[in-house]
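Undergrad: As a plain string of letters, each chain reads:
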Amino acid sequence: MQIYCPRGKVLEHGMPSFFKRLAEGVFDIEDLKFRTQELAKSVNDASLQYSFDLSKTIAVGFSNGANIGASLLLLYPPVIAGAVLFRPVIPIIPNNLPNLSEKKIVILSGQYDPIVSKKQAEDLFSLLKKTDVKVSIQWQESGHEITQDDVQIAKKWYSANF
Amino acid sequence: MTSKNLNFIYRFIPSSKNSKEKYDDYLNDKDNLASKSPGTLLLLQGTGVTKMT
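Sequence order for the protein chains is A and B. In my numbering, each number is its position in the first sequence, counted from 1, plus 18. In my numbering, each number is its position in the second sequence, counted from 1, plus 197.
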């Protein structure tokens, strides 16, 4: 197994992030589109340089990383085969939803997450279902942080699906 | 994401290239997920994470 781990290029109070936010939970959509395209090109270029197969490449993202992972699936689906999304929300709603019937996604959300509400997580799940993707959502007894249960579920999901 | 969170994640994925020896050990361990999979993980970290430990 290989890992490709790009760092977000946007600085938010000095902290790397994958795209700009205008406020907590309010995304700069134009920047998100640009950064998603940039990431898609980066992943594609890396697959050629390091000889890895995009059809066996899975995004594993947390929070801001999960959001750009979901954006990648919605805007540039050929670059990944699926995703493990920890604590995501809907990053963007494309004008035309892609057909993601060949992809597999698991969403891991926290029941007591103070940053991402249950509705926001359910909204992403509902949006993704419209793309015909094989998607499931798993609720954790947690907040925004990742727990050991998250990891165990992700491992089990990965082993069963790839 | 805190370093504690990262430790959880790195039980799911191999260790970083900052610790190549640990990474090689992980890949050579026949019982773990990484050694069984030919795939690639695109790791997308949360805001503020600057390095893999």
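Treat each hint with caution, since some may be false.
Unchecked claim - Distance condition first, Cα-Cα at most 25 Å in a straight line; then the derived SDA-like pairs of lysine to any residue:
#: 1; chain 1: A; residue 1: Lys38; chain 2: A; residue 2: Lys74
#: 2; chain 1: A; residue 1: Lys74; chain 2: B; residue 2: Gly236
#: 3; chain 1: A; residue 1: Lys152; chain 2: B; residue 2: Gly236
#: 4; chain 1: A; residue 1: Lys147; chain 2: B; residue 2: Gly245
#: 5; chain 1: A; residue 1: Lys38; chain 2: B; residue 2: Gly236
#: 6; chain 1: A; residue 1: Lys51; chain 2: B; residue 2: Gly245
#: 7; chain 1: A; residue 1: Lys27; chain 2: B; residue 2: Gly245
#: 8; chain 1: A; residue 1: Lys121; chain 2: B; residue 2: Gly245
#: 9; chain 1: A; residue 1: Lys152; chain 2: B; residue 2: Gly245
Simulated from the structure, these hints should not be mistaken for lab results.
Undergrad: Are there hints from earlier that the structure breaks, and if so, what are their numbers?
TA: Numbers 1, 4, 5, 8 and 9 - these are the hints that the structure violates, sorted from lowest upward.
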